[in-house]
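*Asks:* Read off the chains here:
6 protein chains.
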Amino acid sequence: MTHAHEKHREHAPKQINFYIITVSTSRYEKLSKKEPVVDESGDIIKQLVIEAGYTVVGYSLVPDDKVKILRAFAEALDDPRVDVIISTGGTGYAPSDQTVETIRPLFDREIEGFSDVFRNISYGDPKVRAAAYLTKASAGIIGKKVIYLLPGSPDAVRLATKELILPEVGHLLYLVRG
Amino acid sequence: MTHAHEKHREHAPKQINFYIITVSTSRYEKLSKKEPVVDESGDIIKQLVIEAGYTVVGYSLVPDDKVKILRAFAEALDDPRVDVIISTGGTGYAPSDQTVETIRPLFDREIEGFSDVFRNISYGDPKVRAAAYLTKASAGIIGKKVIYLLPGSPDAVRLATKELILPEVGHLLYLVRG
Amino acid sequence: MTHAHEKHREHAPKQINFYIITVSTSRYEKLSKKEPVVDESGDIIKQLVIEAGYTVVGYSLVPDDKVKILRAFAEALDDPRVDVIISTGGTGYAPSDQTVETIRPLFDREIEGFSDVFRNISYGDPKVRAAAYLTKASAGIIGKKVIYLLPGSPDAVRLATKELILPEVGHLLYLVRG
Amino acid sequence: MTHAHEKHREHAPKQINFYIITVSTSRYEKLSKKEPVVDESGDIIKQLVIEAGYTVVGYSLVPDDKVKILRAFAEALDDPRVDVIISTGGTGYAPSDQTVETIRPLFDREIEGFSDVFRNISYGDPKVRAAAYLTKASAGIIGKKVIYLLPGSPDAVRLATKELILPEVGHLLYLVRG
Amino acid sequence: MTHAHEKHREHAPKQINFYIITVSTSRYEKLSKKEPVVDESGDIIKQLVIEAGYTVVGYSLVPDDKVKILRAFAEALDDPRVDVIISTGGTGYAPSDQTVETIRPLFDREIEGFSDVFRNISYGDPKVRAAAYLTKASAGIIGKKVIYLLPGSPDAVRLATKELILPEVGHLLYLVRG
Amino acid sequence: MTHAHEKHREHAPKQINFYIITVSTSRYEKLSKKEPVVDESGDIIKQLVIEAGYTVVGYSLVPDDKVKILRAFAEALDDPRVDVIISTGGTGYAPSDQTVETIRPLFDREIEGFSDVFRNISYGDPKVRAAAYLTKASAGIIGKKVIYLLPGSPDAVRLATKELILPEVGHLLYLVRG
Ligand SMILES: [Mg+2]
Ligand SMILES: [Mg+2]
Ligand SMILES: [Mg+2]
Ligand SMILES: [Mg+2]
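Chains as they are written, first to last, in our numbering: chain A, 10 to 187; chain B, 10 to 187; chain C, 10 to 187; chain D, 10 to 187; chain E, 10 to 187; chain F, 10 to 187.
Among the clues, some could well be false.
You can't tell identical chains apart in this list, so a pair holds if it fits in one copy or across any two.
Listed next, the in silico DSSO-like pairs over lysine-lysine satisfying Cα-Cα at most 27 Å (straight line) [unchecked claim]:
{"hint": "1", "residue 1": "Lys-136", "residue 2": "Lys-171"}
{"hint": "2", "residue 1": "Lys-153", "residue 2": "Lys-39"}
{"hint": "3", "residue 1": "Lys-154", "residue 2": "Lys-136"}
{"hint": "4", "residue 1": "Lys-23", "residue 2": "Lys-136"}
{"hint": "5", "residue 1": "Lys-154", "residue 2": "Lys-75"}
{"hint": "6", "residue 1": "Lys-23", "residue 2": "Lys-171"}
{"hint": "7", "residue 1": "Lys-75", "residue 2": "Lys-153"}
By construction, these hints were calculated from the structure, which means they are not laboratory data.
The model shown is predicted, which means the values in this text are computed figures rather than measured ones.
Same shape as in the complex, but just chain A (with noise of 0.2 Å):
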């Protein structure tokens, strides 16, 4: 008997289009100066959605500032050639972190599995442990897109990327998709 999760990946789409948001008041405000940016996690994420045969269109950097971060999503969310946005920075408990309270109110649906099922595996990497449960990173669906909201760090962006979205995210377009 076929189980039902791997029938459903057999049905998910093959072509998928991410936008990707990286939220950081330090490299907006270098940019803003036209000095050079790294932004390690974002590029993370677009190599490992390359590397998985899908396609980045487009790529955004905000600070952490929740009117900056509402319109990169908005514009994000307005573009149709957009199935995926996926987030880095601002989900953790300094003041100044405002993604998740921004953007999860907006959610149609949360994916609420998701911020519990990150945190678990993040707890399982002993250079995280117990840091795990001060995240946020959280999915949701607004309209038939699907976004996720991860950390800053590096590490958890590669960890979110290869072992939660990328395994799922076609098999979730082609559930939100009715």
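Start from chain A and add chains B, C, D, E and F with the ligands according to the hints.
*Replies:* Below, chains B, C, D, E and F with the ligands without anything else, positioned relative to chain A:
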């Protein structure tokens, strides 16, 4: 004795910049087809704002679509000149009405009383009467900006702008700016 | 110029079917003991609905009990003939009052203005006055059906049905049906 | 026929104990510096309560600070003599206003109608008019106690206490005590 | 020293009655056409419940429809014999999935940990892995009854029932009954 | 490359003051009758905090009562020496369990991941296993203070304090203080 509200009004800013957003699928489609568009409600707001000695610094026309609405508000919020955003349309109970559902979750603080005071003065209008309870017209604060979400009807827009928004918006901006 | 509300009223369905639910522990207990039950508020709603040219297709009497209330509403919602459900009772602040707490979380959309407009016209009645703020009378939409949760008192039921429900329910059904 | 509200009023307790909390940073700072403090709004509530034949059993003055507000309410709630708590101040839209944001989430049940009925009678006062929509004055129930969160202005406090609280608080306590 | 959980388990009721609800549009349509229906997941729950020495007192099969789901739960909740309700189906992210969205708002208390513990043991199954984050399987309490909302897949149902529900449901009923 | 979590840990404050609150009706009643009280879980927290080089600056014992719980937390929050509050007890599903229901609505930000990470490491303990899903143990931030709401069992308290709280609380305070 000077009344507290009167004292606050003295401190109100004299120069206030408004951004108007009309939410109307039919007008948006005409615009997309380059047909002439009459936006009576948007025009009423603009005229009343100008007559009050304030300034209109921006305007956009969007359809009843969550993402388009979100984007228009995000751009207005991100415009440093803007103090107040007023929208018209999409506050009722047709399935297409999405303005309040989209923007209210973004309020840092909802100005809860706007909805009920507006409905109750509408109820007093013999042309509206019980239909007054069928609007979700709302107001709220994001950052230091004030947002009003008005119905689409010209009469409703005139009533809200003249009787509720213009008399208190300066006072409110003074409070919100702390 | 024809007013928007008037145009909508023209499109309102002429044939509307109501289901009445009386929530009253004392009457339910009498019914259970096969004693005669006078349900003045339920009777007022029925009579006003019929006088307006509409139809009552169902009625049930339940105690102030979350599960019994839920079941009565579920059966009314599942009856394909029913367009509008009106309940009477259980909208106050006694610990036994559970109607609003039970049904409101099920609304796809709450018709938020019903509560405040109803309270404010009640406040205008010299027999009610400040007691008006002690009701949670509410309305909302589930699927394509409209639900009104009215207080238990005959005067309140008459006021809400005559002044708010009957004048707009056709208009509202027209909107809700998209 | 005796009206239901009148019957309930007959059952209302005759002896009711009030605790008054004034929320005002400026007055609190004066008090801390042992300067003389005039608390006009607090005094109005006390006087009206006493004139109505009820008793004031406690009073505290706190600044617009979440934790100080919380502590004052916790102490009043924990005082077995107290039936009703009335606060004045901190219900507006300045960033410092925190009374409603702090206490409302603690309500077992919010008395939702207090906010809109109060705003609508305030709107009727020509000195207040549209400023009425700028208050979040609220009421609610915790355990068997009733809490009213009033604005800071003497006029608002007098209106709410005379027109809404004193006429119904006995009735409400009777209901709440089940 | 005896562990607290072990002591509670001693007090657990020995006789527990379950009601099973299968939420599946395809099976419901077959049933409506009097075609033979195989409900593998429903059958697994029944069998595991009986093997554990408990009793199945009711069963219903409903489509992925808010009102039908609501009615089935309302009838199960209103059946005085029922201690525990387990549903299977409708917990995912297809637009048709409505079980959790319908029933969760009715919980007096959500058993929040059921969702994340279930997802994390699912993640440990190599056939499920990252797909684990795509379920909203949930549990909660209404009155003195416990409700579990399980996914539709036979493997998920077997895992949840064997590893989470049956080991603790007696303990939980003992707690909930106070 | 130094890992981000390690860098944050370097910035963590060395001196941290804890306030312990035990929520237990049975112990509170003994205390009220001046009988000897053994508070094993409270003692475990104190000992672990001290062994970690931190300080316990306050302690209180309250029954499972919303107002008493609220008051104890309000006093601890209002104590300027206190950095972290840890409570034990009242996080389960007995009707008397009220700690989480009382304090969670006061959080400025909930540290959402604490609940699920704690449950999942509890699940890994063979003495707890599925009982892990029956706790609502939670954490959150009020102002610049961090609050942990732990279960009443000594084993749970030891696990949470050793594995989750002590390793990250300095890091978290550093983040929260901005
Ligand atoms: Mg960051
Ligand atoms: Mg009643
Ligand atoms: Mg003030
Ligand atoms: Mg306990």
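*Asks:* Give a verdict on every hint.
*Replies:* Results of checking the hints against the structure:
Proximity of Lys-136 and Lys-171 under a CA criterion of 27 Å is satisfied in both settings, with 18 Å inside one chain copy and 17 Å between copies. Taking identical chains as interchangeable, the C-alpha atoms of Lys-153 and Lys-39 lie at most 27 Å apart only when they sit on different chains, with a minimum of 26 Å there against 34 Å within one chain. When the C-alpha separation of Lys-154 and Lys-136 is checked against a cutoff of 27 Å, the pair qualifies only between copies, where the shortest distance is 26 Å, while the shortest distance within a copy is 33 Å. For the identical chains of this complex, Lys-23 and Lys-136 are inter-copy neighbours only, at 21 Å across copies versus 34 Å inside a copy, given an alpha-carbon limit of 27 Å.
For a Cα distance limit of 27 Å, the shortest separation of Lys-154 from Lys-75 qualifies both inside one copy, at 21 Å, and across copies, at 13 Å. For a Cα distance limit of 27 Å, the shortest separation of Lys-23 from Lys-171 inside one copy, 17 Å, qualifies, whereas the shortest one across copies, 36 Å, does not. In this assembly of identical chains, the alpha carbons of Lys-75 and Lys-153 lie at most 27 Å apart whether taken from the same copy (23 Å) or from different copies (12 Å).
Hint compliance for this structure: every hint is met.
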